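We have chain P; now place chain W onto it with these hints.
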Amino acid sequence: AQSVTQLDSQVPVFEEAPVELRCNYSSSVSVYLFWYVQYPNQGLQLLLKYLSGSTLVESINGFEAEFNKSQTSFHLRKPSVHISDTAEYFCAVSSTPAYSGGGADGLTFGKGTHLIIQP
Amino acid sequence: EAGVAQSPRYKIIEKRQSVAFWCNPISGHATLYWYQQILGQGPKLLIQFQNNGVVDDSQLPKDRFSAERLKGVDSTLKIQPAKLEDSAVYLCASSRDRTGEQYFGPGTRLTVT
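Going down the list, the protein sequences come from chains P and W.
Counting from 510, one number per residue, gives the positions in the first sequence under the working numbering.
Counting from 4, one number per residue, gives the positions in the second sequence under the working numbering.
Okay, chain W solo, but in the shape it has when bound:
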């Protein structure tokens, strides 16, 4: 089966600009996650969707970050306006059931200058 797809793979923007990332999960996976991985740290959960509803967005900086999952399939994560500290790799993952195994995409590396 095809894996989790993400685009773009790399993005460089200036601070205060906006940016959007796209994720297509594995077919049939109802749960989708966005993680932020800052250099030298482990990934941090930003938001979790179950189908097209939000399950957990407690760590999402809602003043500048937003995410949506239309029709319960693809998802977009947006940052507006970006700050220097948003420089990180943004990972999308999906899971099929309650067993906890998540499949990760290749990530989008964001550099904010």
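Only chain P is shown next, with the shape it has when bound in the complex:
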């Protein structure tokens, strides 16, 4: 069984300030890690993912996350936030596929963190 903990339900931050959204996971098997974002009145969109290789992954809009296996964490960071970053952010994990030819395993999500950007 897997679980994901997002410790902060809401994170208020001033525009142009740095932000970190915390994510910890628990799993007995190897995992893939994801951050999804849900903008107001929109569907879930993939922000970034860690599958293997470099533990630091980046998105096209300035977010980055680092996979820390020893601490079982995948925290999301941005050095300078913009008002348009206001959204709900979900951390998720899935098991790495157990056999070839199969599809991706289903995701286990955290409860989400609401990022509130204050002008």
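Think of the hints as simulated: they come from the structure by calculation, not from any bench.
Remember, predicted model here, so these are calculated numbers, not experimental data.
Accuracy of the hints is not assured; some may be wrong.
Claimed, not checked - Listed next, the in silico SDA-like pairs over lysine to any residue satisfying Cα-Cα at most 25 Å (straight line): (1) W:LYS47 - P:GLY552; (2) P:LYS558 - W:VAL92; (3) P:LYS558 - P:LEU516.
This is chain W only, laid out in the frame that chain P set:
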């Protein structure tokens, strides 16, 4: 490419009634998922299909929920009879391969009164 399509977008029913949701995944995506997202929580996987076979339905309340994926393309999720606690957004997602990236539809918001 067109995204994951879902209908209806909104549905209001009374408890003990039945309801069905439809999903059309991205063309060529063999794996399809249904998630339930209750207000204030993250999505929870209900069922996963690989083509038209069920891979994982361990969290599907099978006494009232059912799902099928005919011909390995479109899928329907049914609730019969509905309970108040079924009020949620039902999300459909699809993926093409083993890399784990899932593409989500806009969801169907169900309100049970």
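Hints versus structure:
1. W:LYS47 - P:GLY552: holds (15 Å)
2. P:LYS558 - W:VAL92: holds (24 Å)
3. P:LYS558 - P:LEU516: Cα-Cα ~20 Å, so holds.
When the structure is compared with the earlier hints, no violation turns up for any of them.
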